[in-house]
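Taken in sequence, the protein lines are chains A and B.
All the letters of the first sequence, read from the start, carry residue numbers 19 to 132 under my numbering.
All the letters of the second sequence, read from the start, carry residue numbers 155 to 267 under my numbering.
Honestly, the hints are just simulated from the structure, not real lab data.
Every residue, glycine too, gets a C-beta built ideally from N, C-alpha and C.
Fair warning: there could be bad hints in the mix.
What the hints assert, rightly or not - Over 12 Å on every C-beta distance to chain A, these chain B residues come out as not near it, computed from the model:
| no. | residue |
| --- | --- |
| 1 | N155 |
| 2 | Q160 |
| 3 | G170 |
| 4 | M173 |
| 5 | T174 |
| 6 | G217 |
| 7 | S223 |
| 8 | L232 |
| 9 | P237 |
| 10 | Q239 |
| 11 | T252 |
| 12 | L264 |
Stated by the list, open to error - DSBU-like cross-link-like pairs, simulated, lysine-lysine; straight-line CA separation at most 30 Å:
| no. | chain 1 | residue 1 | chain 2 | residue 2 |
| --- | --- | --- | --- | --- |
| 13 | B | K163 | A | K119 |
| 14 | B | K163 | A | K79 |
| 15 | A | K67 | A | K119 |
| 16 | A | K79 | A | K67 |
| 17 | A | K67 | B | K163 |
| 18 | A | K131 | A | K79 |
| 19 | A | K67 | A | K131 |
| 20 | A | K67 | A | K86 |
| 21 | A | K119 | A | K79 |
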Amino acid sequence: AQSVTQPDIHITVSEGASLELRCNYSYGATPYLFWYVQSPGQGLQLLLKYFSGDTLVQGIKGFEAEFKRSQSSFNLRKPSVHWSDAAEYFCAVGGDTGGFKTIFGAGTRLFVKA
Amino acid sequence: NAGVTQTPKFQVLKTGQSMTLQCAQDMNHEYMSWYRQDPGMGLRLIHYSVGAGITDQGEVPNGYNVSRSTTEDFPLRLLSAAPSQTSVYFCASRRDRTPYEQYFGPGTRLTVT
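Okay, chain B solo, but in the shape it has when bound (with noise of 0.2 Å):
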């Protein structure tokens, strides 16, 4: 098993570019998260997903879409990117609903400039 993958590792956009930040789990996995990981912040839920077809916002949704249209993948999509989405994003995802714990992705570091 890959576990849970994103893509890109580093990504560096200008002030109002969009663009898509990949997920994917092959452990049949049906709930998924994304977050964002801030120095002395911890990490933040973005968006979360108990299934296909079923997202909802998390603590700090704004400026963020998600999408879940397979089991396997969350997608997440920065509209119009802006300074303050200058972080590293984690996705992970966890067998259902109840807390068992999550697997998490290797991050994606993401810089706006």
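If we strip away everything but chain A, and leave its shape as in the complex, we get (with noise of 0.2 Å):
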């Protein structure tokens, strides 16, 4: 079956602090991989994808993400957090089976503390 998992509901990290978000997907055929953000009151905006080639992609507002097929992960990370990044990141998993659906994680709310 189709998913995604984001362990984490919740993380809190100082501004200035380094950031992973964590994402694990089971697909069955070769994935595209995304990111939103979500910040309050807000639709979802896309951070950055993965289709294919290089496993290290580079989003908007310093963001990257490193897709790693071994591990069935696209982890999320930025070097150094502005208070600004505080939202809900969704990650999610569409390809080329089942009708093209996009599979969304349910989703990890960023706190950034000063």
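Quick one: dock chain against chain with the hints and give me the complex.
The following block contains the structure:
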């Protein structure tokens, strides 16, 4: 079955500290992987995506993610967190099975302390 | 481009009432979807459409109807609202069926009492 697991419901980091949000997926074919961010009261915005090629992908707002096929993971990282990064982050997987539907994880809420 | 627009932003319904959530996009995208977002559950797909006149069920379709008469519009109808349908509803579109990124509307917060 296709699924996405984000093990951390919420994470708190200090401003300026590094960040890693975990994402594991289960998918029966070549996965297309996404990270979205949702600020309070807003819709989802795409941070970055992986389709193929270089397994380290760069996104907007200084985020990057690394695809590790052997671990079925697509973790999101940022070297130095800013207060404005406080939001909810969703990992998602899609592909050429299941009617091209996108499966979302439950989300990780990031809190940033001064 | 306005992108994906949704109306209304907020709505309160009584149990048994019906209503339609509106969604429109101006990007000429073929693929449109409706999701509901509930705490701790991420986004769950309600219905989706791969083009005008073509719709299909997602993960949680019960209690909802959709139609797609034009490329631009994809309304979601609640036939007889229930408290379990209290949620935030997002409409999304993408270029076509291939899994490119989706563009999301700002959401509709629905409360059913």
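We went through each hint and held it up to the structure:
no., hint, verdict
1, N155, "15 Å, holds"
2, Q160, "8 Å, violated"
3, G170, "28 Å, holds"
4, M173, "20 Å, holds"
5, T174, "19 Å, holds"
6, G217, "19 Å, holds"
7, S223, "21 Å, holds"
8, L232, "20 Å, holds"
9, P237, "22 Å, holds"
10, Q239, "19 Å, holds"
11, T252, "7 Å, violated"
12, L264, "15 Å, holds"
13, B:K163 x A:K119, "25 Å, holds"
14, B:K163 x A:K79, "27 Å, holds"
15, A:K67 x A:K119, "15 Å, holds"
16, A:K79 x A:K67, "14 Å, holds"
17, A:K67 x B:K163, "28 Å, holds"
18, A:K131 x A:K79, "18 Å, holds"
19, A:K67 x A:K131, "28 Å, holds"
20, A:K67 x A:K86, "14 Å, holds"
21, A:K119 x A:K79, "27 Å, holds"
Hint violations for this structure: numbers 2, 11, all remaining hints satisfied.
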